[in-house]
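Given the sequences, and given the hints that come with them, work out the whole structure.
Residue numbers (the working numbering), protein chains in the order written: chain A, 35 to 435; chain B, -2 to 504; chain C, 221 to 654.
Keep in mind the hints are simulated off the structure, nothing from the lab. Keep in mind that a hint or two might mislead.
What the hints assert, rightly or not - Reference listing, derived: stretches of chain A covered by chain C, where coverage requires no fewer than 3 residues with Cβ under 8 Å from a Cβ of chain C:
{"id": "1", "stretch": "140 to 148"}
{"id": "2", "stretch": "209 to 221"}
{"id": "3", "stretch": "224 to 232"}
{"id": "4", "stretch": "402 to 410"}
To be verified - DSSO-like, lysine-lysine: derived pairs with alpha carbons at most 27 Å apart:
{"id": "5", "chain 1": "B", "residue 1": "K380", "chain 2": "A", "residue 2": "K295"}
{"id": "6", "chain 1": "B", "residue 1": "K260", "chain 2": "B", "residue 2": "K313"}
{"id": "7", "chain 1": "B", "residue 1": "K327", "chain 2": "B", "residue 2": "K380"}
{"id": "8", "chain 1": "A", "residue 1": "K186", "chain 2": "C", "residue 2": "K286"}
{"id": "9", "chain 1": "B", "residue 1": "K260", "chain 2": "B", "residue 2": "K217"}
{"id": "10", "chain 1": "B", "residue 1": "K65", "chain 2": "B", "residue 2": "K217"}
{"id": "11", "chain 1": "C", "residue 1": "K580", "chain 2": "B", "residue 2": "K375"}
Claimed, not checked - If you want the ones that stay clear, here's a sample from chain B, every Cβ over 10 Å from chain A, calculated:
{"id": "12", "residue": "P91"}
{"id": "13", "residue": "T142"}
{"id": "14", "residue": "A224"}
{"id": "15", "residue": "K247"}
{"id": "16", "residue": "G394"}
{"id": "17", "residue": "R443"}
{"id": "18", "residue": "G451"}
All residues carry an ideal CB built from backbone N, CA and C; glycine is no exception.
Listed here are the chains, written in short residue letters.
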Amino acid sequence: MSPAMSGRLRSRLPTGARALAWAGILVGIAAFWVALPPLKVREPLVPFLIGLVAVGLGIAALRQGVRRLGWGAVVIGVLGIGLGYLATRSSVTHLDQVVVWSALTAAMLRYATPLAFAAMGGIFSERSGVVNIGLEGMMLSGAFFGILGADKLNSWPLGLACAALAGGLFALVHAFFAIQLRADQIVGGTAINFLSLGITGYLFIDIYGGEGTPPNIPDIPDVHLNFLEDWYFVGPVLGQLNLMIWLAFLTIAATWVVLFKTPIGLRIRAVGEHPRAADTVGISVYATRYAAVTLSGVLAALGGAYLSIGFVNSFNQNMTVGRGFIALAAVIFGNWRPWGAAAAALLFGFSSALAQRLPAYSESAAVLFQALPYVLTLIAVAGVIGRSIPPAAVGRPYQKQ
Amino acid sequence: MDERPVLELRGITKRFPGIVANDSVDFDLRKGEVHALLGENGAGKSTLMNVVYGLYRPDEGEIRINGKPAELGSPRAAIENGVGMVHQHFMLIPVMTVAENIVLATEPTHKGVLLDYATAERRVRDISTRFGLAVDPRAIVQDITVGQQQRVEILKALYRGADILVLDEPTAVLTPQEAQELFTIIRSLTEQGKSIIFISHKLNEVTEVADRITVLRRGKKIETLPAAGATEEGLARLMVGREVLLRVDKTAAQPARVLLSVKGLTVEDDRGIEQVRDVSFEVKGGEIVGIAGVDGNGQTELIDAIAGLRRSQAGKIVIGDEDVTDDSCKECLDAGLGHIPEDRQRRGLVLDFSLAENLALHDYDHPPASRHGWLYPKRLIEKARTLLQEFDVRGGGPQTRAGGLSGGNQQKVVLAREIDRNPKVLIAAQPTRGLDVGAIEFVHRRLVGERDEGRGILLVSLELDEILSLSDRILVIFEGRIVGEFPPGASEEELGVAMTGGGRKAA
Amino acid sequence: MSGTEGTTPPEGGGKVENPRTGGDYAPSVARRLALAQRAGGLLVPLVTTIVAFLIGGLVVLATTGKNPLTTYQAIFEGAGLNWFIEIGSHELRIPFTDAHIPFPWNVNDLESLAAYNLQQTLISFVPLVLTGLAVAFAFRCGMFNIGGQGQYLAGAIMGVWVGSELPGLPGLVHILLAVVAGVVAGALVAGIAGILKATVGTHEVISTIMLNWIMVWTGVFLFGLGGPLQNDTQPFVPVSNDVLDESKLGILWGDPGLQALHVGFYVALAGLVVYWLTLNRTTLGYEVRAVGFNPEAAHYGGISVARNYFLAMAISGAFAGLAGAIDIVGWQYRINTNDVMISSQIAFVGIAVALLGRNKAIGVGLAALLFAALTTGTSTRNLDPEIFRPELAANLTLLIQGLVVLFVGADVLVLYLLNVRKRGRQRAATRPQE
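Below you can see the structure in the form of structure tokens.
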């Protein structure tokens, strides 16, 4: 690493009180982690002590005025103690069954992918100043039309294309009402969700009747990285990921580059911050917003398509069950930045992955764990970690003379 | 200065629903001149310039640039024709850097794909030196001063090759010293061949900086005259069409006991930065205390703290005999405070409420308007009828929606509401902003009238004229501190010096 | 500001205008719909509905080739609205007495299919009114309560639980307890979102949707196999206990042997009145409306914006919880995990009801009737499968709902244009130009 690069990295590390708070958060997580495989500490005192350190670090940060992160550290410290204690109480076999890190991580990536796609879409739309509550509906439309296309046209790339088209069309409707007619964007987004639910449900029953989608629909292939397969941990995690997961990663990177390193991204952001200023230098606010919103629909639909033709290989009505909203929460949680939103998507994906494995504990409680991603999202948007600042003009329709 | 006009407007007419904003206006700009466009609020100055900048299409009329007809259908077209505009409300993106703002839409790139920040910064530095407007390309716009932001706006226009610069009320937020700096910049620009249109409603500036002056009134051009030899009274008469009282007639103040006492007040803003630092002053009954200062020096936070809208970090606030230091807004109002907020449409009125409902904004939860939580709308309406008559509010009755009234009448409603509660102290923040002369006269006369009734009035205004005209004592606030106290006979220069921190605290 | 941005430059000094005002994520729906309220009256919602139905009809035509008019007629009859067509001279019994008054429609024929269908429609009407009021109340305070479903569930859960336990209580008391428990539960769930908005400014759309799903899974957990509230008699069926007989609501109209209209109908009507009274005749309503229109001015006037956000959400949730509880003690009597998961989406229809009804009591009442008729008319039992497949019809309803919601947002602009031209001319004649 060159000295310039390490210098830049160092300047981005938190310093002082914020560093204390972040350390507290990490230590709090460690308090829980030590009770899990592979360490599997059984003595409850250990997580307790470690958690205490985390709480202490949090309080130290609070005293220096770092409020949100400090409280975050305290809360995570306490949680770490509690969860660590619970982990020491449960049987080792249970732990071994549930906490298989490699499987968990792979599952986390799978669950996070649709969220990541939709979140990138959400970022483009919101950065240009248009609230897109309809991500859920666009995702659902992608799920349905993706599998429909893959089935009728007998190829998954065409299925993806159909999904993108569907999402783009729904987004275009939203864009028209929000931008041209200056309708309320949240109400419009909700309408898109209803419409998508109705249209996909209607066509699903009309075309596939009661039996559902047939088996053997061409699905998006996994990418086999043979040279990795025997590596410890990395092998099981990265060796057989679906193509869409790799594409998601590319999309996140591309979003970052476009938004912050290209003129188009600068203009999109300008339109979202101060549309009149952008207008007065000759940028077309309407065209920029139309493009951004349509793109958001396409991306959300691709995320949905992954759900149907990449993950479960079938379709049920309303199969997105709120994921579009979780993606929106990821955008907010990630402060409207691609890597931040991706990290949030990973977090929510992790909670889903965990929720899938926790039934090993207790059958009936298993159902309750399904609520975990939503609880986590709620906590996240409640701003435990940080107050986020949206693009200044988001949600306000623009009126040209 | 050349005699050839670089810009000619002939018979420009622009209509909005129900209003003729520009009525067959003729205007011309010569090369290298500074031509001032003078008129009251709503006379049509901004509309005319928006036509020139392509933001509006004229319904009738013709525009010629350098003798050739020009279609200015959009800002882009205007820019291509060499017209640049510095808006009254800067068209800058607060969270982006100076360089990003300047090169927006004409960004230099690597191979057409990636942004080339290095080149952008270099170009900004180049024109900055060429025209003598010092700015830091890497600074974030919301962190630099207003004067610097204005320079960025000017550079933005120059970067795009503007030969004609339109400055829309550029001194609205500058101190007298910063305004002088601007005038120097203007003179240097004209020496380099640029032609400038200077929009203003401030008579003294216009006579100082302009070569020619065009006066607009109610959408029509009244007269174009050379600045040399023009008097303020003469210009005022052209602007308004009748004799104008430039100063309010008032008797000397008879201050009584202290009604508002502020001691050692320190207030932080939302970001935790101190905006008011250890401020102490008193307002006695029967006097008007004016606080002068450039926008952003803590006035808003000071008022918010006194009114109970914001917690103070240190100090004491006493209204009458009650200590209201940490009280809520309601409690402060109950203690005898009246507050005319600085933005009547956003903070003073609920535009979708009726006038009666607005007038009840502080009283709705007491008898007779309500009892035990149950509201009696008829009583609100009756009370409103009386108040609306007393304050001569026109444009509607008690059940008219507040948004349907003109600005002047809306302000009267706010005044009525606050004064009717018989407050001990009345805070008036920017009470005449955006009002026409008739409404301004009314408000000023009313404030003096309330002073004579024995109330204490705290006037906070960005308009030095208003402060000088109304106040019995003038305090100057700079960077959150009171840096000077002046008698009403003080000159604008003295005040201006204090407003930029050059004065010493009075004994 | 919705309409005026850009027409004339705002007043004030020349610093950098930071569009970041008010701290809101997006402008308040209440303010935007206020435009609609002022001008359109009944006309615009009517036009919106007709257009939505027209497009729905086109969809029917395009996908099934069937005549949309016959489909709509079948839905009309399925909803029992044809009952109103047969006018005669009959009698109506005044509730709780033995006196009779003349009434143009026949309420005493227990064999009438139309009457039965209409009863079903009105049974749907009750929760739709209440959930519509829930959404409308929150809208009036500038908030979008999209979590009515979760609050409805909370009310239903508490209703079932309290209603099925505590035997031996007198009927009225038991009913009241169950209903109040539901109301409180709904208020608490919504109150969480309200507190979050009031303290840290969390946008209520996201928080209420998350709470929705949390309540759904909580419900599935509670009544599922092995769950704490699973019924005592059938261990392999994921359903709750039945509500005790004494805590079931009385019958208002119809055959008690089949599903009949229950007293909850009066509760719904009372709800409309309470809604109107609260907003227009109480100081709380004054504050809620002020905050909904202009939180900044309300704040400067001394009103606690945070407190009103919380109260408005809590009251909104109370209405939705009431809907859930009433449905349980009125006709459902139990909760099945299937109901929790899939079938009941009633509170989402409530959103369309509130928007179509422009957040006013009368509007909500009429819109609720419309959507109740749609829901009942397209249900499996009522729609003749020869004319239209019921599962498709359910989705058709969703489509029409979506179109209604979509157009409601857009008609604000249409109205605005109409208004600006009309009022601008009138106003310019009377006031001096600013």
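Hint-by-hint comparison with the structure:
Beta-carbon proximity to chain C at under 8 Å applies to 0 residues in the stretch 140 to 148 of chain A; the threshold of 3 is not reached and the given coverage is violated. Check result for the stretch 209 to 221 of chain A against chain C: holds, 8 residues qualifying (beta carbon to beta carbon below 8 Å, three or more required). A count of 9 residues in the stretch 224 to 232 of chain A with a Cβ less than 8 Å from any Cβ of chain C is obtained; the coverage claim is therefore met, three being the minimum. Three residues within the 8 Å Cβ limit are the bar, and the stretch 402 to 410 of chain A against chain C gives 5, so the coverage statement holds.
Proposed proximity of K380 of chain B and K295 of chain A is contradicted: the alpha carbons are some 61 Å apart, above 27 Å. Straight-line distance between C-alpha atoms of K260 of chain B and K313 of chain B comes to about 5 Å, which keeps the hinted pair within the 27 Å bound. Between the alpha carbons of K327 of chain B and K380 of chain B the distance comes to roughly 21 Å, so the proposed pair stays at or under 27 Å and holds. With a C-alpha separation of about 25 Å, the suggested pairing of K186 of chain A with K286 of chain C holds against the 27 Å cut-off.
Straight-line distance between C-alpha atoms of K260 of chain B and K217 of chain B comes to about 51 Å, which puts the hinted pair past the 27 Å bound. For the hint linking K65 of chain B to K217 of chain B, the alpha-carbon distance of about 24 Å falls within 27 Å, and the restraint holds. Among the hinted pairs, K580 of chain C with K375 of chain B is consistent with the structure: their alpha-carbon atoms are about 21 Å apart, no more than 27 Å. Against chain A, the non-interface label of P91 of chain B is violated: not every CB pair exceeds 10 Å, the least being about 7 Å.
Non-interface call for T142 of chain B relative to chain A: holds, since the shortest CB-CB distance, roughly 19 Å, exceeds 10 Å. At roughly 29 Å from the closest C-beta of chain A, the C-beta of A224 of chain B stays outside 10 Å, upholding its exclusion from the interface. No Cβ of chain A approaches the Cβ of K247 of chain B within 10 Å, the least distance being about 41 Å, so the stated non-interface status holds. Against the 10 Å criterion, G394 of chain B stays outside the reach of chain A, whose nearest CB is about 31 Å from its own CB.
Distance to chain A confirms R443 of chain B as a non-interface residue, since its nearest Cβ pair spans about 35 Å, more than 10 Å. The Cβ of G451 of chain B lies farther than 10 Å from every Cβ of chain A, with a closest approach of about 45 Å, so its non-interface assignment holds.
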